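> Sequence lines, in order, name chains A and B.
In terms of this note's numbering, the first sequence is residues 1 to 487.
In terms of this note's numbering, the second sequence is residues 1 to 329.
If you are wondering where the hints come from, they were derived from the structure by calculation, not from laboratory data.
A hint or two may mislead.
Said to hold, decoys possible - Going by beta-carbon spacing under 10 angstroms, a handful of chain A positions derived as facing chain B:
#, residue
1, 31
2, 97
3, 107
4, 303
5, 387
Unchecked claim - Heads up, simulated DSS-like pairs for lysine-lysine below, C-alpha to C-alpha not over 25 angstroms straight-line:
#, chain 1, residue 1, chain 2, residue 2
6, A, 382, B, 315
7, A, 239, A, 382
8, A, 296, A, 239
9, A, 239, B, 27
10, A, 386, B, 27
11, B, 315, B, 180
Unchecked claim - Here are some chain A residues the structure puts well away from chain B; computed CB gaps all over 10 angstroms:
#, residue
12, 110
13, 136
14, 280
15, 302
16, 320
17, 484
These numbers were taken from a predicted model, which means no experiment stands behind them.
A virtual CB, placed ideally from N, CA and C, is assigned to each residue, including glycine.
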Amino acid sequence: MSATASALPVKNDFADWLSPILVKELRQGMQARTFVSIFIVVQVVMILLVGFHLLSLSTNARTSGYDGFFWVFVGFPLLVLMPARGLAAVSEEMRANTLDLVRLTRLTAFRIILGKWVALVSQSGLLVAAILPYAVLRYFFGRVDVIAELESLGWMLAASFVITAGAIALSTAHLVLRILLLLAVVPFFLYISAAFAFSMAMGGRGIFSGSFIPVNYWWLILTAMAVYVVMFLEYAASKIAPQSENHSARKRSAVLLFSIILVAAGWLGGASWFGSIFAWMAPIIIWVVVEALTEKPVLLPSLFKPFARRGVIGRLAGRFLYPGWATGIMFTALVEGLLFLAVHGVLKFDPILDASRLAFYAVWVLIFSGLIAPLPIMFMFKRVEKRFWLYLLIQLIFVLLFAAASTVADRDSPSAFYWLAPFPTSALLAVASQNENAGLAAFFLTITSVVGGGLLLILAFFMRREFSVYSSLETTAADSIKKNSSD
Amino acid sequence: MTETATSNTTLPEKLVEVRDLNRVFDKVHAVQEVSFDIHRGQVVGFIGANGAGKTTTMRIMATLDEPTTGCVSIAGEDVMQHPERVRRLIGWMPDSFGTYANMTVFEYLDFFARAYGFNKSVRHERVHEVMEFADLTPLADRPMGKLSKGMGQRLCFGRMLIPDPEFMILDEPAAGLDPKARMEFKNLVRLLAQRGKTLFISSHILSELGEMCDTLLFIDGGKIVYHGGAEALTRGNSTNASGQAHMVVSVGVTGLSDTLTQWATMNPGWSVLEQKRDGARLAFEGEDTTNLAAGLRKMILDGVPVIEFRREERKLEDAFVDMLKKVSQ
Numbered sequence: 001m002s003a004t005a006s007a008l009p010v011k012n013d014f015a016d017w018l019s020p021i022l023v024k025e026l027r028q029g030m031q032a033r034t035f036v037s038i039f040i041v042v043q044v045v046m047i048l049l050v051g052f053h054l055l056s057l058s059t060n061a062r063t064s065g066y067d068g069f070f071w072v073f074v075g076f077p078l079l080v081l082m083p084a085r086g087l088a089a090v091s092e093e094m095r096a097n098t099l100d101l102v103r104l105t106r107l108t109a110f111r112i113i114l115g116k117w118v119a120l121v122s123q124s125g126l127l128v129a130a131i132l133p134y135a136v137l138r139y140f141f142g143r144v145d146v147i148a149e150l151e152s153l154g155w156m157l158a159a160s161f162v163i164t165a166g167a168i169a170l171s172t173a174h175l176v177l178r179i180l181l182l183l184a185v186v187p188f189f190l191y192i193s194a195a196f197a198f199s200m201a202m203g204g205r206g207i208f209s210g211s212f213i214p215v216n217y218w219w220l221i222l223t224a225m226a227v228y229v230v231m232f233l234e235y236a237a238s239k240i241a242p243q244s245e246n247h248s249a250r251k252r253s254a255v256l257l258f259s260i261i262l263v264a265a266g267w268l269g270g271a272s273w274f275g276s277i278f279a280w281m282a283p284i285i286i287w288v289v290v291e292a293l294t295e296k297p298v299l300l301p302s303l304f305k306p307f308a309r310r311g312v313i314g315r316l317a318g319r320f321l322y323p324g325w326a327t328g329i330m331f332t333a334l335v336e337g338l339l340f341l342a343v344h345g346v347l348k349f350d351p352i353l354d355a356s357r358l359a360f361y362a363v364w365v366l367i368f369s370g371l372i373a374p375l376p377i378m379f380m381f382k383r384v385e386k387r388f389w390l391y392l393l394i395q396l397i398f399v400l401l402f403a404a405a406s407t408v409a410d411r412d413s414p415s416a417f418y419w420l421a422p423f424p425t426s427a428l429l430a431v432a433s434q435n436e437n438a439g440l441a442a443f444f445l446t447i448t449s450v451v452g453g454g455l456l457l458i459l460a461f462f463m464r465r466e467f468s469v470y471s472s473l474e475t476t477a478a479d480s481i482k483k484n485s486s487d
Numbered sequence: 001m002t003e004t005a006t007s008n009t010t011l012p013e014k015l016v017e018v019r020d021l022n023r024v025f026d027k028v029h030a031v032q033e034v035s036f037d038i039h040r041g042q043v044v045g046f047i048g049a050n051g052a053g054k055t056t057t058m059r060i061m062a063t064l065d066e067p068t069t070g071c072v073s074i075a076g077e078d079v080m081q082h083p084e085r086v087r088r089l090i091g092w093m094p095d096s097f098g099t100y101a102n103m104t105v106f107e108y109l110d111f112f113a114r115a116y117g118f119n120k121s122v123r124h125e126r127v128h129e130v131m132e133f134a135d136l137t138p139l140a141d142r143p144m145g146k147l148s149k150g151m152g153q154r155l156c157f158g159r160m161l162i163p164d165p166e167f168m169i170l171d172e173p174a175a176g177l178d179p180k181a182r183m184e185f186k187n188l189v190r191l192l193a194q195r196g197k198t199l200f201i202s203s204h205i206l207s208e209l210g211e212m213c214d215t216l217l218f219i220d221g222g223k224i225v226y227h228g229g230a231e232a233l234t235r236g237n238s239t240n241a242s243g244q245a246h247m248v249v250s251v252g253v254t255g256l257s258d259t260l261t262q263w264a265t266m267n268p269g270w271s272v273l274e275q276k277r278d279g280a281r282l283a284f285e286g287e288d289t290t291n292l293a294a295g296l297r298k299m300i301l302d303g304v305p306v307i308e309f310r311r312e313e314r315k316l317e318d319a320f321v322d323m324l325k326k327v328s329q
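Here chain B stands alone, though its shape is the one from the complex:
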């Protein structure tokens, strides 16, 4: 691991291709016609509620499950036909992993380094490198069974790094971590991204992924409902219950906020989303910012004591909810 980008440029630009993927368990259609591409060096967030089909899709990509139909290829190798070749390229971090009894952190990593075919001198160096990177060195002699959730996740992360994979699949890596551990994890992801690695991370905590990922994939009911950047989502407009687009503004006033909310209910196009002590969150119908500016002028002319007027960026969570609304319509 060097400090500069080490991504293998011999790999194709389109590193992962998922085509028409379906997975049926008895009567449950867990993954339905899922298709997407991941480019080399991208950090992709995979978002969906529990049971949406995230883990199933990821397990198929990691050669651990078999699709009912469809195919996945990683660096041009089909995961079904040549799992052994795909496994040389990928790292897999499951959402939960069991511990081995009577084994220390060092022994665990040493075992995986042996299993990945590292011989003695290289193996020690590799294990120590990974321990340093994942901050596991102080835990080297600690039994696996005595690690906290955060330490266990770091160990699992370290294990994934042993073969220095080009493409890493991480299933809910930050689940159950405290804020400090979550921050540390984000830093590790950032470091790997700087080194040109390709990462595919699932989570149901959207804000977390928005900060880390170049691209987001939303999955719902086994189907991909969005594939694009986080910015495009947060810049976009929300929709109300009847599906109409609106802009959300946060307005601060001097004195009581009643003047503002009364004004908003009396003026067409405006509605109150949330009343606060010193202001309110308002919704303004439509997507035209010129109309919004006119609305502000009228608000001031009508004597509302405005001291703050700010158009809110949508939260990813809101975007996700809107996305689901659109899909269900």
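Extracted from the complex, chain A is given alone in its bound form:
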């Protein structure tokens, strides 16, 4: 056969070290009609825009309108069209029955997803590279600030990277959810683009034209963007990975790391640093916490091996990192404890803490009680598969209860809020809306602490069962490790 093999063509269009998925996606993507069409349209529009720009310069007419259109025609493909291709990245392969075949290869779920992302963003990068000559032309003939333009282009590309990762994560979701999000996002972007182009045409200064982000914050924003990319890709990977890959542990470890960073920021950096980092990280923390609280336990001994191998410390870590709602409660308590520590660091010298210490503690008790409140209710709906959405639905009902109470409560006499005490999430919102009312905080702290304690007792009963199963699986895993090492 080797004689025949040597007679056959050899294809060396991509290097060996490149990810197989990247090679596949590039082979497909670079020839895809969508990409080629976007590429050609952008080129034509750029030529026209730069041409008109130069013409207007020769007639001394206003050029800012062309600036606006230039950035809209750069932004739309980069921030909408190219990332939108990510929306089909996983779903299309699932529909075509091709993803299974890729999953059976040596590629891990994360490598598959990463390859898809790199392929898409490299095509976006190619688009930017194709735009660069026009940016230089604008500088050469059009007296624009080329550094500011390149900076804007860089930020746009970075934003495109994040949106593409988000689109890939979304591509693992249900079609209805994807359509709903598209319907929400695309008109919003079109509105922003139109407003932006209009403001530029009127001679205004758009957000993508100039150094609008202080250099001191670049690293923070870039780090946050990188974190979002990784978390989005990790989310997508977890959706196509076999249960034996513990993606929960990865996501939870990342959130614990962010929480520790927040503690450091709170104690060492003060309110501004804590605020900046928290604002970026809060969505990820909330998402991972909710996912942890709603996860089904996975009882595969192979999942327990890495923890059992590390003895007592490993087993202890497992109590926070094994997939499942029981460890999710422990994890949530730990994250909240770290955030409490961080906020305490921020407020340590602030007189506001002394003035409203009670409200401060009430909020933390209510947050934890609010987070775990839907879980006992969820036990009544064991057959529901979409536990994440069920959790959100229950929380939504709590929010609606608060909204109902708000409509009847009198600002000076908020007695209507008192009946919210058994519902921690509603109570939390009531305390937040009446933040100057120490009496209300004290009431909720007392009643909701009792409710929260009761909920925790119910959950502890079920958690005990879960943890005893974990213990036996840890023992099985430890025995298997011993057996393997003695063999």
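Given the coordinates of chain A, work out where chain B should sit on it, guided by the hints.
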């Protein structure tokens, strides 16, 4: 791929163990308490009607689905606990597979060879070997979207062979193929079997599997209803509507077949299954061949002009239908 058997003898003799497998989708119990073993080097046919639970069982074995309860181990590795280890041993050919747009046959196989970790020189050799084996070389530059059903199946088969798996799971591989392509496919399976590979093939075309497989597994309503050889089934006797065993004989006569059918209706133990122009297919009650010989003697003595008398082997289809009858009783 060499011409001699290359089966990995370091693998256990009992290559696949399926134990008490159950898979429930909402309210549908697709697979129920399924247990069986597959030995190294066997070609096993997996037979069942549409919706019987074939694909679900196979997907679990291929690490692509998770059982509700029960376990599957391949070469001692549990498919749930160590899917990555199992995946190194198996090849999977789904009943239908999608194509990649803007990709040629060669690029497709090259991608999978990369994904299976073959580096440059080995990769080219491997891809070309597989293309030769599956007769894909003339199609190397053809876009995947322009392949016929048969060519697509060959490509999917070739892709499965890239990592040279020890155990191959093929879900309805011959479905939708024309007779020529079906014949080619059978030859490929035969070649792999000669090389000591273990194959697990599902189909609802029974005659096809009977020729290719050492062992057959019948599944119905998610349960295994038969596990054994094809010969044992075809040698066995059919049953009538009331469940009694009978032998089927094909009788040829000179002249009109009416004499024969009249004789059969008048003689106890005989019944007419099918009347033909020059004979008939008759059923003879019981399983005793001595009685059958006596029946033939009486037929001749009664003046039936017999020129051919042949006991029919049961078709696999009949055996399968009988099996289902027994199960439903």
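> Which of the listed hints are not met by the structure?
Those not satisfied are hints 5, 6, 15.
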